[in-house]
Amino acid sequence: MSSEPILEGRGLSKHYGPVVALNNVDFAVYPGEVVALVGDNGAGKSTLVKILAGAVLPDSGTIFFSGERAAIHNPHDARARGIETVYQDLALVSARDTTANMFLGRELVYGGALRPLAIERRRAMVQFTEERLAELGIELPDVKGLPIDRLSGGQRQAVAVARATAWATKVLFMDEPTAALGVQQTEAVLELTRRVAAKGIGVVLITHIMPHVMEVADRLVVLRHGRKVADLPSAGVTTDDLVRLIVGFDPAEDHLAERAASQPDKIGGA
Amino acid sequence: MSLSRFSLRRAAAKQESGLLAANIVLFGVMAFTASGFVSTANFRSTAALAAYTGIMSAFATLVLISGGLDLSVGAVAVLAGQACALALHAGWSTAAAIGAALGVGAGVGTLNCIFVVGLGINPLIATIGTAFVFRGLGLAWTNGSSTIIDDQTVLNFGSALWFGVPEGTYLMAAAFLLVWLIFRFTRLGSNLYAVGSNPTAARRAGLRVWRIQSTAYLLSAVSAAFAGLLLIGFQGASIPYAAAGIELTVLSAVVLGGTGLQGGSGSVVGTLLGVILLAVLAAGLLALQAPAYWQLIATGGVLIVAMTIDDVRRRRREVRG
Amino acid sequence: MNHVLVRGRGRVVRRGLAYDQTGLMIAIVVMCLVISWKTPYFFDTGNFSNLGVAISYGGIMAAGFTLVMICGGLDLSISSVAALSGQALAFGLTHGWSTAVAIAFALAIAAACGAFNALLMVGIGINAIVGTIATQFLFRGLAYAWGGGGAASTAIADATVSNLANGKWLGVPVPTYIMLSVFLAIGFTYRFTRFGSNVTSVGSNRVAARRAGIRVGFTMGAAYVVCSLCAGLSGVLLVGLNGGSVPGAAIGIELTVLAALVIGGTSLSGGTGSVFGALLGVFALGVLANGLNLLGVSPFLKVASVGAALLLAISIDSIRQRRRAYRDE
Numbered sequence: 259m260s261s262e263p264i265l266e267g268r269g270l271s272k273h274y275g276p277v278v279a280l281n282n283v284d285f286a287v288y289p290g291e292v293v294a295l296v297g298d299n300g301a302g303k304s305t306l307v308k309i310l311a312g313a314v315l316p317d318s319g320t321i322f323f324s325g326e327r328a329a330i331h332n333p334h335d336a337r338a339r340g341i342e343t344v345y346q347d348l349a350l351v352s353a354r355d356t357t358a359n360m361f362l363g364r365e366l367v368y369g370g371a372l373r374p375l376a377i378e379r380r381r382a383m384v385q386f387t388e389e390r391l392a393e394l395g396i397e398l399p400d401v402k403g404l405p406i407d408r409l410s411g412g413q414r415q416a417v418a419v420a421r422a423t424a425w426a427t428k429v430l431f432m433d434e435p436t437a438a439l440g441v442q443q444t445e446a447v448l449e450l451t452r453r454v455a456a457k458g459i460g461v462v463l464i465t466h467i468m469p470h471v472m473e474v475a476d477r478l479v480v481l482r483h484g485r486k487v488a489d490l491p492s493a494g495v496t497t498d499d500l501v502r503l504i505v506g507f508d509p510a511e512d513h514l515a516e517r518a519a520s521q522p523d524k525i526g527g528a
Numbered sequence: 159m160s161l162s163r164f165s166l167r168r169a170a171a172k173q174e175s176g177l178l179a180a181n182i183v184l185f186g187v188m189a190f191t192a193s194g195f196v197s198t199a200n201f202r203s204t205a206a207l208a209a210y211t212g213i214m215s216a217f218a219t220l221v222l223i224s225g226g227l228d229l230s231v232g233a234v235a236v237l238a239g240q241a242c243a244l245a246l247h248a249g250w251s252t253a254a255a256i257g258a259a260l261g262v263g264a265g266v267g268t269l270n271c272i273f274v275v276g277l278g279i280n281p282l283i284a285t286i287g288t289a290f291v292f293r294g295l296g297l298a299w300t301n302g303s304s305t306i307i308d309d310q311t312v313l314n315f316g317s318a319l320w321f322g323v324p325e326g327t328y329l330m331a332a333a334f335l336l337v338w339l340i341f342r343f344t345r346l347g348s349n350l351y352a353v354g355s356n357p358t359a360a361r362r363a364g365l366r367v368w369r370i371q372s373t374a375y376l377l378s379a380v381s382a383a384f385a386g387l388l389l390i391g392f393q394g395a396s397i398p399y400a401a402a403g404i405e406l407t408v409l410s411a412v413v414l415g416g417t418g419l420q421g422g423s424g425s426v427v428g429t430l431l432g433v434i435l436l437a438v439l440a441a442g443l444l445a446l447q448a449p450a451y452w453q454l455i456a457t458g459g460v461l462i463v464a465m466t467i468d469d470v471r472r473r474r475r476e477v478r479g
Numbered sequence: 007m008n009h010v011l012v013r014g015r016g017r018v019v020r021r022g023l024a025y026d027q028t029g030l031m032i033a034i035v036v037m038c039l040v041i042s043w044k045t046p047y048f049f050d051t052g053n054f055s056n057l058g059v060a061i062s063y064g065g066i067m068a069a070g071f072t073l074v075m076i077c078g079g080l081d082l083s084i085s086s087v088a089a090l091s092g093q094a095l096a097f098g099l100t101h102g103w104s105t106a107v108a109i110a111f112a113l114a115i116a117a118a119c120g121a122f123n124a125l126l127m128v129g130i131g132i133n134a135i136v137g138t139i140a141t142q143f144l145f146r147g148l149a150y151a152w153g154g155g156g157a158a159s160t161a162i163a164d165a166t167v168s169n170l171a172n173g174k175w176l177g178v179p180v181p182t183y184i185m186l187s188v189f190l191a192i193g194f195t196y197r198f199t200r201f202g203s204n205v206t207s208v209g210s211n212r213v214a215a216r217r218a219g220i221r222v223g224f225t226m227g228a229a230y231v232v233c234s235l236c237a238g239l240s241g242v243l244l245v246g247l248n249g250g251s252v253p254g255a256a257i258g259i260e261l262t263v264l265a266a267l268v269i270g271g272t273s274l275s276g277g278t279g280s281v282f283g284a285l286l287g288v289f290a291l292g293v294l295a296n297g298l299n300l301l302g303v304s305p306f307l308k309v310a311s312v313g314a315a316l317l318l319a320i321s322i323d324s325i326r327q328r329r330r331a332y333r334d335e
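Protein sequence lines, in the order shown, are assigned to chains A, B and C.
Residues in the first sequence are numbered consecutively from 259, following this note's numbering.
Residues in the second sequence are numbered consecutively from 159, following this note's numbering.
Residues in the third sequence are numbered consecutively from 7, following this note's numbering.
Heads up, a few of these hints could be off.
Among the chain C residues that face chain A by a calculated CB cut under 7 Å, a handful are [stated by the list, open to error]:
(1) Q27
(2) I220
(3) F282
Incomplete in silico selection of chain A near chain C, CB under 8 Å [claimed, not checked]:
(4) P333
(5) L350
(6) V351
(7) A358
(8) G363
(9) G369
(10) P374
(11) R381
(12) A382
(13) M383
(14) V384
It should be emphasised that the hints constitute simulated quantities derived from the structure, not laboratory data.
Ideal Cβ positions, reconstructed from N, Cα and C, are used throughout, including at glycine.
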């Protein structure tokens, strides 16, 4: 793991009217690591990722890519640099097959790349898709011809991840990738996350499911009410610690516990 | 975006007031530019024509709010009128003949229910299909020829005057009142809104969605049949080719009135204003002695303008909310 | 047709022709057999060329319409665009323009209509059903206005136009060749080009397509323009068929076209569809109408039969979809 972040945001702030979504946050992603971005609802995780992925413009702050100032003003700028995002809703086209989804918006064509009437190179795309899937250990029934609405939820998630990792040469953002999955599928996605990081790509995992975080993350970044409250390696951090950081619980200020201690038969008493 | 009943009501009210303003402006413009616009004769014929479109529009609002769509109303109206005319010819009593007409409405309505609610077919396609089928059957039945009506009651539907106002107008007012009451006071009304805005939620809440949707389609068809009686009364005969494309005028009135095609929101008052607007437009064009095609251009243009305004307004609301 | 075994689910997925269309083709064959059993006049070259001409002008419209529908839109104004293009053609010819220029003008007018539709449905975002109904009124009114006001048609005696509509090449009517070429062109574009892929993607999941960088507005707009161009071409042919430009031409055709598409397996919600299926649908309805004609059935029942065929086809499809849903879970 190198010491230079591949993607970094400094002093990022964003507000929507009176609501402060992000307040002067520094965030860095290193190549080859999995960093978990955690926080309660409304903490600002999605906003931070959207800014770094070009979907949203920050009110203030700077973005650095490979150590240099980068102008990431729209999703294209991000994708051009090898930054990809797997969204919560997957953004897949259910009527089309795996290959088509893999190459959505970037189909391989003969001749001029810009002409919309260019003929697609199906065979090359299918081969590429099969290779990418094999790399990540994903086995799908039929990458050409089977519309993905016939696949299971976990398989579709795999397609979304495979797509993003195929094009993400530098950074991969994953927004709640395991939220709607069963146990086995979750395991598969987490394993996928590790394999992607092993390729040297920086992976940012947004999730609020604690056990998953502890399983794959190398580093934890905690946001609360738009501020970063913690940025630490995951080794040695317990789930309890994590919950406290997310919720902002400070034992020294716990009035409830005090009262419970003084009145054992009433509130909080065992 | 706040979707509370109150804010929806406010939005609808804005549409309605806009329509009212448009109506007044249009009326004024027509009155000034067209001689003979402000004349009893003009009003009467316009009102008579508007009446049967109006009745269909009132209940079309009901269907649209429930999330459905019924494009078979024109065919039903004509077919019901035919049934009545032929029944009268065959010597049936007035009441029986009217019953036959309404029966036709109920029959087609049931068929629509089977296709849309039962089989889950897209209502656009299903009702276009039934429209085709029953339009063709109606034509085939009489081989394209018209049947004259000489029954006074039915004729009165179309042309009699009560205190100087055509009977049809009262009937249309009654129809609108009925639909308005349904929405304002009955459980059916609330259920229609619920089913239209979120059928899944409605089903989970225990509503019998299929029954509510079916009621809407049945009411639409029976009211269309009733409108058909007005039509033949006004024409003095049942003409199988009549009312071609009327469902589009009906849809226009409803959409102008602020009811969206996706269901769950809408305004009966708006539809009434929409019907009046289109009627005033028609009457004005008639008085201006504009060639018939202006009707088409004007209706299309008004609809486009109204929808554009609505869309722009909705977009602005979303940004703000 | 390749059969590929799907691992894990054990179900066979047919590549190439979709399952629905096999049923449709069988239905067509059955219809042909039944009709020819009942009347000797069906399997007759004269009849076939009548059939070919009759389905051609609706068929051309169906090809373009398929593109719009798969893209998630709808264009109910095609009948009016055809009439308006016919008026444009008549205008050009009666003003002494060369045939080629006049036809180009007619097509340009059609494209303009398509662009207007695109502006409303895509640019502003008006609902396609109501929006294209509105433009249907508008364009039709303009067609009447251009035609002088009444229902009278302008007689056109141009040789090229007439040949296009009434001529025959190797025994097959020219309009049929034109229709097949249009289907071929659109089908090829849909299947093999990036634009065709985009059409499906936009129709299936507009948000995903936009996120992936596909130009949604351009794709949908182009689909609307292509649809109108097809309607315009149809309108030009109609002038030849009718011997003049009739302002009331093609009224009601959009519903037959819609029926053909639905029968052929294109979904109203967009994303799935088949150009070949649309061709089959056009063919099926044409054979049906032709057969009813030959069997002496009242022409009014022809209208009813299109509706019945539509309802039948979509009911079968609906039931099959339900059964498939049960089987899957």
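These are the hints, each one checked on the structure:
This hint is violated: Q27/C has a C-beta 15 Å from the nearest C-beta of chain A, more than the 7 Å allowed. Because the smallest distance between the Cβ of I220/C and any Cβ of chain A comes to about 5 Å, under 7 Å, the interface hint for this residue holds. For the restraint placing F282/C at the interface with chain A, the shortest Cβ-Cβ distance is roughly 16 Å, beyond the 7 Å limit, so the hint is violated. Restraint check, P333/A versus chain C: the minimum CB separation of about 7 Å is within 8 Å; hint holds.
Annotation: interface hint on L350/A holds; nearest CB of chain C at approximately 6 Å, less than 8 Å. Hint on V351/A holds. Least Cβ distance to chain C is approximately 5 Å, under the 8 Å limit. The closest approach between the C-beta of A358/A and any C-beta of chain C is roughly 6 Å, which is under the 8 Å cut-off, so the hint is satisfied. The closest approach between the C-beta of G363/A and any C-beta of chain C is roughly 3 Å, which is under the 8 Å cut-off, so the hint is satisfied.
A hinted interface residue such as G369/A counts as satisfied when its beta carbon comes closer than 8 Å to some beta carbon of chain C; here the least separation is about 11 Å, so the hint is violated. Satisfaction of the interface hint for P374/A is found here, the shortest Cβ-Cβ separation to chain C being roughly 4 Å, below the 8 Å cut-off. Here the hint on R381/A is broken, as its CB sits about 12 Å from the closest CB of chain C, past 8 Å. This hint is violated: A382/A has a C-beta 13 Å from the nearest C-beta of chain C, more than the 8 Å allowed.
Because the beta carbon of M383/A sits about 10 Å from the nearest beta carbon in chain C, more than 8 Å, this interface hint is broken. For V384/A, the interface hint is violated, since its Cβ never comes within 8 Å of a Cβ in chain C; the closest pair sits about 12 Å apart.
Hints 1, 3, 9, 11, 12, 13 and 14 from the list above are not met by this structure, while the remaining hints are.
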